[in-house]
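If you're matching them up, the sequences are chains A and B in order.
First residue of the first sequence? That's 6 in the working numbering, and the numbers climb one at a time after it.
First residue of the second sequence? That's 457 in the working numbering, and the numbers climb one at a time after it.
Per the computed footprint, the stretches of chain B lying under chain A, defined by three or more beta-carbons under 8 Å from a beta-carbon of chain A, are: (1) 498-511; (2) 557-567.
DEER-style ranges, computed between Cβ atoms: (3) N70/A with Q472/B: 42 to 50 Å; (4) E84/A with A567/B: 43 to 51 Å; (5) Y507/B with R49/A: 21 to 29 Å; (6) A522/B with A87/A: 46 to 54 Å.
Calculated directly from the structure, the hints in this document are not laboratory data.
Glycine included, each C-beta is placed from N, C-alpha and C at the ideal position.
Each chain, written out:
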Amino acid sequence: NAGVTQTPKFRVLKTGQSMTLLCAQDMNHEYMYWYRQDPGMGLRLIHYSVGEGTTAKGEVPDGYNVSRLKKQNFLLGLESAAPSQTSVYFCASSFQDRGIDEQYFGPGTRLTVT
Amino acid sequence: LAKTTQPISMDSYEGQEVNITCSHNNIATNDYITWYQQFPSQGPRFIIQGYKTKVTNEVASLFIPADRKSSTLSLPRVSLSDTAVYYCLVGGNTGGFKTIFGAGTRLFVKA
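Isolated chain B, as found in the complex (with noise of 0.2 Å):
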């Protein structure tokens, strides 16, 4: 299994970009990255994901280098909405269930 490291917490302002890195050291040929956004009280949702370069939606983008060792989760102008914890998973496409969420990354938007 790939362990992901990801920061605990980090702060931003309204209007900010946002740029949350996740660490993936051993990462895996078949190996996909996704993220995941969490609010209080709710369940998890997807954000996006990518398995190289970069991948944009009308939430994020995700940027892949090449050794894929690790990935950045952009969020453009982030609100006070956009205040969640955030997962970065490293999963296969092969059979067999290998998702795992981490401690996530907790961002505080402030005003």
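For reference, chain A alone in the conformation it holds in the complex (with noise of 0.2 Å):
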């Protein structure tokens, strides 16, 4: 099992472009979950997912969109990139989400906003 994968693993874009994060799991999770983390800090919720077709807002969603259409990908994106969008992006997935239930993490993607 490939667990979580993200793509890409580094981006950079400039002010004002719009791109997609994809996000996939091979471990029937039902739940997915999309967290930033700025240099130092903790990882901040952004967005997540309770199953196929659902999505729900995290802690920091402004400037952010997501789709789940398909249980196995959860996407997240950027429609009009700014500076403050600088962070690294990391993709999660759980069995359940309860509070107990360990989220498997992906590697990251490394995104640079000029």
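From these two lone chains plus the hints, build me the complex, please.
Here it is in structure tokens:
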């Protein structure tokens, strides 16, 4: 099993450009999450999904959109990138969304917006 | 949501036992305590989880006192490769997303 994979690993955008980050998991998990991590800080939840076709806002959703058209994929979109969105983005999945369920994380996508 | 407080950083030497304490004064009855480890340029990785008393696995031990207002992650005989950030999380087993990652504790293991 590959676990959780993220595409791309690195990306540089100019202000105003758009892009989509792809997260894929092969563990048949119902729940998927997108986090961002700024230098020296913990992870902050952007959006999450409790199942195919559903999404919900997390702690810092502004400027991002998500879609979960297939159970195994969770896409994060930036419609008009801003320098404040420079960060490392992590995707995660879990069997359920209870506080006791282990989250499996991808390797991250390092995004720089100039 | 139960807020957690951890030391910002800790230093240790190879071969020593490291104990990282997390305070969670507002922990709820159905909340569990979970610890994750994050190496530079990688996503967090689950280490251990417990509800009360002591839990031990091949990587670490977790000590939880009777009042559950704090917990201690114990790493036996650390090595340089244990240098990482360690996150303490508190979450319940009811539905709804409640897990929050704080800033964590940066552990530096020196030779």
